[in-house]
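Q: Sequence:
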Amino acid sequence: MAPHGETIASSYTRSNSISKPTSLQRTVSDISFELSKEVIDELTLPPISEVEDARCECCGMCEECTREYVEKVRSKFSGKWICGLCAEAVKEEVEKNGGKREEALSAHTSACARFNKCGRAYPVLFQAEAMRELLKKSRLEGRGVRAKSISPRDKGGLKKGGIARSSSCISAITREMNDLTIGN
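Position 108 of the sequence shown, counted from 1, bears residue number 672 in my numbering, the numbering being contiguous throughout.
In case anyone wonders, no lab produced these hints; they're calculated from the structure. Don't be surprised by glycine CBs; every beta carbon is placed ideally from N, CA and C. Be aware that a few hints might be false.
[To be verified] Label pairs and their calculated CB-CB ranges:
hint	residue 1	residue 2	range
1	Glu614	Ala692	42 to 50 Å
2	Leu649	Asp743	47 to 55 Å
3	Ser613	Gly662	35 to 43 Å
4	Leu588	Ser613	51 to 59 Å
5	Leu704	Asp743	40 to 48 Å
6	Asn742	Leu704	42 to 50 Å
7	Glu627	Ser702	31 to 39 Å
[As the list claims (entries may be wrong)] Straight-line distance between alpha carbons at most 25 Å, and here's what the computed SDA-like set of lysine to any residue pairs gives:
hint	residue 1	residue 2
8	Lys681	Ala618
9	Lys681	Glu657
10	Lys636	Thr673
11	Lys640	Glu614
12	Lys644	Cys682
13	Lys640	Arg678
14	Lys655	Glu627
15	Lys636	Ala651
Could you build all of it, start to finish, from the sequences and the hints given here?
A: So, in structure tokens, the structure goes:
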């Protein structure tokens, strides 16, 4: 469209005669195809190693692995085959306990056994068991069972890692209930 709504009148004719050069054609070489085929035929593929199912001795997860990989993992973890996730957990445990792989492996195996026994079937009980263990550890470390105030007026302050409460909500609830009974 032209500016200001004006139309441009022109004579446009459409012609279907597009000039193509008649002398150019695409060629395909058969020799390159045959050479690449001979190279592929001569290459022998390596044998496919047998894959077997291996079950983790900690968590029970099943993976498809080659026999060589299973033997490598077993040699690393005292004859037990463990999955990659459990292997990482054992590595973390080794770092925590000072490099004792046997102790780390047995600790992780017992934790997995406890979880499989109770945690999968009853997750709420497993969470309660975890809280019980947390409180038991805090008692053994000398941090007491009862919650401490985090008020700056306390002499010793709060010990690190303890469970603390900031304040009680009972007075606020009682106040709201009294306001409701007075209003009625």
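Q: Against this structure, judge whether each hint is valid.
A: Do the hints match the structure? See the list:
1. Checking the proposed 42 to 50 Å range against glutamate 614 and alanine 692 shows it holds: the Cβ atoms sit about 46 Å from each other.
2. For the pair leucine 649 and aspartate 743, the supplied restraint of 47 to 55 Å holds, since their beta-carbon distance comes to about 54 Å.
3. A C-beta distance of roughly 37 Å is found between serine 613 and glycine 662, which places it inside the suggested range of 35 to 43 Å.
4. The given range of 51 to 59 Å is respected by leucine 588 and serine 613, whose C-beta atoms sit roughly 53 Å from each other.
5. The hint said 40 to 48 Å for the Cβ distance between leucine 704 and aspartate 743, and at roughly 45 Å that hint holds.
6. The hint said 42 to 50 Å for the Cβ distance between asparagine 742 and leucine 704, and at roughly 43 Å that hint holds.
7. Checking the proposed 31 to 39 Å range against glutamate 627 and serine 702 shows it holds: the Cβ atoms sit about 38 Å from each other.
8. Among the hinted pairs, lysine 681 with alanine 618 is consistent with the structure: their alpha-carbon atoms are about 21 Å apart, no more than 25 Å.
9. With a CA separation close to 21 Å, the supplied pair lysine 681 and glutamate 657 stays within the 25 Å bound.
10. Simply put, lysine 636 and threonine 673 have alpha-carbon atoms about 19 Å apart, close enough for the 25 Å limit, and the pair holds.
11. Proposed proximity of lysine 640 and glutamate 614 is supported: the alpha carbons are some 21 Å apart, at most 25 Å.
12. Only pairs whose Cα atoms come within 25 Å are accepted, and lysine 644 paired with cysteine 682 is accepted, the gap being roughly 23 Å.
13. This hinted pair checks out: lysine 640 and arginine 678 have alpha carbons roughly 24 Å apart, not beyond 25 Å.
14. For the suggested pair lysine 655 and glutamate 627, the alpha carbons sit about 20 Å apart, so the restraint of at most 25 Å is met.
15. This hinted pair checks out: lysine 636 and alanine 651 have alpha carbons roughly 13 Å apart, not beyond 25 Å.
Comparing the model with each numbered hint stated earlier shows that all of them hold.
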